[in-house]
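Top line first, the protein sequences correspond to chains X and U. So the number in this note's numbering is just where the residue sits in the first sequence, counting from 1, plus 3. So the number in this note's numbering is just where the residue sits in the second sequence, counting from 1, plus 3.
Source of the hints: derived by calculation from the structure; they are not laboratory data. Some hints here could point you the wrong way.
[To be verified] So the derived list for chain X, only partly shown, Cβ under 7 Å to chain U, looks like this:
1. Val13
2. Leu14
3. Ala22
4. Leu24
5. Ser78
6. Gln79
7. Gly82
8. Thr86
9. Phe142
10. His182
We put the CB at the ideal spot given by N, CA and C, even for glycine.
Chain residues, written in single-letter form:
There are 2 protein chains.
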Amino acid sequence: MERKEVSKSVLKRLPSYLAYLKTIPEDASPYISATAMANALGMGEVQVRKDLALVSDGGRPKIGYLREGLIEDISQFLGYDNTTDAILVGAGKLGQALLGYSGFEAYGLNILAAFDTNPKADKTVDGKPIIPVERMESFCRTNKVLMGIITVPSEHAQEVCDRMIACGIKAIWNFAPVHLDVPGNILVQNENMATSLAVLSMHLQAQIKEKK
Amino acid sequence: MERKEVSKSVLKRLPSYLAYLKTIPEDASPYISATAMANALGMGEVQVRKDLALVSDGGRPKIGYLREGLIEDISQFLGYDNTTDAILVGAGKLGQALLGYSGFEAYGLNILAAFDTNPKADKTVDGKPIIPVERMESFCRTNKVLMGIITVPSEHAQEVCDRMIACGIKAIWNFAPVHLDVPGNILVQNENMATSLAVLSMHLQAQIKEKK
């Protein structure tokens, strides 16, 4: 199927569809309809139908999609089939946690190495090296790395970001709770856990207030 | 200052302001204007001005805000001053990483313990215990826990979510890439790393295509 441009909001929903499809037991019907998925996920039927039509042409009226085919189409669309090599800068607790997290492989992300200003000699996390940051440029060029993950403290994030771009990196996953300035051809995806915590904490405060 | 209801989009921006304010060197001017912040963060001046007025009444025409006061007002508004106790269910790699991540303390989050179906005896991560999931109910009641973090595989997430709600938990931070069904008074904040990766990977694919 030809690749279409899709909006960020579609991209946000596709992984949920995929996760849901994978939870259906193998002995269930091999077909699934957009309606059934919409009901299971508590989403609008029209939206689910439109989203699925964007990524798969396997849907048949009154029958739906072949489940395995749809899983494959969504995975392929999301790029989970193509492995992306990435580096990570900032081997503190969060950085080391991400470096050692095996769950990313299922989404096609392969973190090759972490860089830090002051790594302990020969330190590795699950076999992945932590390397002095001076060697980042040569490492990225040699390995043709296009994705970088930033897990340094906020005050160093822009500096690391600039350095990544100079290394040829085109997509940045930013875990520092700070805005990064980048040229137009570079994508920054912010993973702002501080925001999530603020939303949760705000909700709890409102609930506690209500009780009083 | 009286607490006002604010939108999620304001809540998303506040941590960036806070992070930026904290990066300003101590020997800089003690005052900061909304204009200066907007420029530094690459955001609209009107928006920054409105956001700050929502959380602080310390702004003065032509002078701006006293920096330290503004930091305090935003922190207080975001609830970073009140520590929230949380439990985490699913002590796999991601769960243990979050359990051991000390950075959350700055945002008022204190993870008391992790629960797992099959924890190794007496296992702790940075002094925090991993406890058999059977003891979750009594633990939550004893410690009056209101926040739960889900780091189990997608297929178990709804079950864990239901159990958390039965334990009195009101706010759920969900790291499983799956939609959770909850009653209206419960807030679910999804941390969907799979989505972030899809967005990044999509950008890289588009860039590679352009080059060809």
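To see whether the hints hold, each was checked on the structure:
no.: 1; hint: Val13; result: 10 Å, violated
no.: 2; hint: Leu14; result: 5 Å, holds
no.: 3; hint: Ala22; result: 4 Å, holds
no.: 4; hint: Leu24; result: 10 Å, violated
no.: 5; hint: Ser78; result: 10 Å, violated
no.: 6; hint: Gln79; result: 11 Å, violated
no.: 7; hint: Gly82; result: 4 Å, holds
no.: 8; hint: Thr86; result: 10 Å, violated
no.: 9; hint: Phe142; result: 18 Å, violated
no.: 10; hint: His182; result: 5 Å, holds
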